[in-house]
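Visitor: Sequence:
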Amino acid sequence: AALRESTEEIGLDSCQVKVWGCLRHVTTRTRKSVNIVTPVVGLVQDITNFNTIEAKCAEVQTVFAAPIDELCIKYRYTHFRKGDKQYKLPVFFTSRHRILATNVTPQNEYRIWGLTARMLHLALVTLFPKFYQPKMNSNICW
5 AALRESTEEI
15 GLDSCQVKVW
25 GCLRHVTTRT
35 RKSVNIVTPV
45 VGLVQDITNF
55 NTIEAKCAEV
65 QTVFAAPIDE
75 LCIKYRYTHF
85 RKGDKQYKLP
95 VFFTSRHRIL
105 ATNVTPQNEY
115 RIWGLTARML
125 HLALVTLFPK
135 FYQPKMNSNI
145 CW
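For the numbering used here, count along the sequence shown from 1 and bump the result up by 4.
Just so you know, the hints here were simulated from the structure itself, not pulled from any lab data.
Predicted model only: the values in this text are computed from it and were never measured.
Quick reminder that beta carbons are idealized off the backbone N, C-alpha and C, glycines included.
Among the hints, a few may not be true.
What follows is a list of derived Cβ distance ranges for each label pair [as the list claims (entries may be wrong)]:
hint	residue 1	residue 2	range
1	Val-38	Lys-134	14 to 20 Å
2	Ile-72	Gln-111	28 to 34 Å
3	Val-38	Arg-8	21 to 27 Å
4	Lys-134	Glu-63	22 to 28 Å
5	Arg-8	Lys-134	30 to 36 Å
6	Val-23	Gly-87	28 to 34 Å
7	His-83	Val-38	29 to 35 Å
8	Thr-11	Pro-110	35 to 41 Å
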């Protein structure tokens, strides 16, 4: 499903992706539903295929590549309150990105937030624990 979504939304050729595995499930909530997302981690084997990437649907405004070393140090948390519960989520920033496709005016800095930031956080913790050491406590929402 993840490779199909990548093909539909950004034109990524799934044949060029070497899937490494899955991260733990992430739950998303809306007013009407609860969804479980399984992040899939993989490697695009032929970087020249990025020339075919496009922002194909309403869900994707810009597709960009960001350096991992920057993401490991340029992050903050955003705080939320829902009823009597408080929680926080990671937010990442990149100014050293490379735009692969966009439907809007390009920005100097991009903010990675929401579900994408939650999955990025899990990937960085799993793949780069020596470089990404977030300051967390128990009220981070997953």
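Visitor: Does each hint hold? Answer for all of them.
Guide: Against the structure, the hints:
1. A hinted range of 14 to 20 Å is violated for the C-beta pair Val-38 and Lys-134, which are about 34 Å apart.
2. Separated by about 20 Å at the C-beta atoms, Ile-72 and Gln-111 break the suggested range of 28 to 34 Å.
3. The hinted window of 21 to 27 Å between Val-38 and Arg-8 holds, with their beta carbons roughly 22 Å apart.
4. Distance hint for Lys-134 and Glu-63: a CB-CB separation of about 33 Å, inconsistent with the stated range 22 to 28 Å.
5. In this structure the supplied range 30 to 36 Å holds for Arg-8 paired with Lys-134, their Cβ-Cβ distance being about 33 Å.
6. The supplied range of 28 to 34 Å is broken by Val-23 and Gly-87, whose beta-carbon atoms lie about 39 Å from each other.
7. Range check, His-83 to Val-38: Cβ separation about 22 Å, and the 29 to 35 Å hint is violated.
8. Against the hinted window of 35 to 41 Å, the Cβ-Cβ separation of Thr-11 and Pro-110 comes to about 24 Å, which falls outside the hint.
Going down the numbered hints, you'll see the structure goes against 1, 2, 4, 6, 7, 8, while the others check out.
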